[in-house]
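Residue numbers (my numbering), protein chains in the order written: chain W, 1 to 325; chain D, 1001 to 1141.
In short, the hints are calculated from the structure, not lab data. Incorrect hints may have been included.
Chain D regions said to be covered by chain W (calculated; three or more residues, Cβ under 8 Å) [stated by the list, open to error]:
id : stretch
1  : 1021–1031
2  : 1053–1059
3  : 1099–1107
4  : 1116–1126
Over the 10 Å line for every Cβ pair with chain W, so calculated as not near, a few chain D residues [as the list claims (entries may be wrong)]:
id : residue
5  : R1004
6  : L1015
7  : I1095
Predicted model, so just to flag it, every value in this text is computed and none were measured. All C-beta atoms in this analysis are idealised placements derived from N, C-alpha and C, irrespective of residue type, glycine included.
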Amino acid sequence: MTSAASNSLSTRLLAGERFALARMISWAENSNSRFPEALEAIWSRVGRATRTGVTGPPGAGKSTLVNELCALIREEERTVGILAVDPSSPLSGGALLGDRIRMEDRTADAGVFIRSMASRGSHGGMARSAVDAMDVMDAFGMHDVLVETVGVGQAEYDVVAAADTVLVVLCPGAGDGVQAMKSGLLELADVIAINKCDLPGADRLTSDMTEAVHLRTAGRDLWAPPVVQCSAGKREGVDDVLAAIKTHREHLKDQLDSHRRRKRIQQVRQVVGERMEEALWEEGDLAEQVEAILRTGTTPYATASNVTQSLLRTASGNQAKGIQA
Amino acid sequence: MSERRIRVLVAKPGLDGHDRGAKTVASVLRDHGMEVVYTGLHKTPAMIAEIALQEDVDVVGLSILSGAHMELFPRVRKELVERGMDQVLMIGGGIIPQDDMQTLESDGFAKLFGPGTNTGVIAEYIQTEVTKRWAASEAKA
């Protein structure tokens, strides 16, 4: 029954049905138990899309820039999947997803698919759902996949870091270059866009960022992210941003596969972690064991060492049997 | 495992620039733990249906104060059905006469809410109805 449902959804997705694309993203988002099997059925089609992560502080103009990048990519007759991630409320768990308001020119375009996603807590589950959603858009046949998140918090970093190219969007008037440096956005960037470049302070921010890039990369075998000015709202310089993204992609070329596999390791690591935790705490009697140790007056740290050592002993005992491929 | 959340599209069809009501309802639904996509103003029925599809929402809520509801609401519904989205809970609100509300409610719309409705009532209605639909579709699967 389960198998039939997921097979038919993946078949419909591969046949180009947009509703199947939307539904499979929901499965990914809800950790639906049918998702892993459905992904398996489309896996051979995953890996053809280029993936760009777009991040930056709130109000920097990410959605507007994504909208304009999308327009340029469409002129090249390439199809585009956009994933726009917005934060969930920590109080109610709800979310107001408004990024697509700035992408409304794209709604009538059959070559574009936009999906809004709420971050739903910070356990890294969102990063996995987002990567899954990118995989599904990729398998559907989108040539380019763009994922947009606000540049705050580990989970958001994890999302954009899963892309081939990371575009960091900054704008003048939101703190100087040092703010951007300390936020850690710079380490993540493959391309830096200084948006709203018609506003005062844009040149200063551009030179600050250029200098910061130089400080970090000069004399080292590192990619130096180009710093590009644009004004997405006025449709100026967006072609330069796209060109810079393409240059980075060209630079990756030979390493793209290994680059992507490294990102996949993170994904597997996370899923393994979740499964282990579930198996340990929900299926076994670990909680009872811990309570028994605590009752003897042991500190939480000593208790944790005790438990970890005992788990690792069991694991190394089993390691001889090896991992079944 | 992340829990499933109710996804709602709040939409403004046609030439109607008043969206305080839509934004109020959107905020209230968010505060009730729902994930709410707001379309912005001046959407055609086809755009609304296409957004509902891409976002795979459980609920489409239309807000209208222009008086064109008898024209636009059925067209949104038709566009949704054409996209296979007939399972979506369709609701609406705004300045709509009683008679029209009844007509719409006998024609695919689950419920219409008039001015002065307590916003909590809308949230509770959605929660109850969507939970029912989820249970029914689970039973089918």
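Practice prompt. Just pull the numbers of the violated hints for me, sorted ascending.
Written response: 3, 4 and 5
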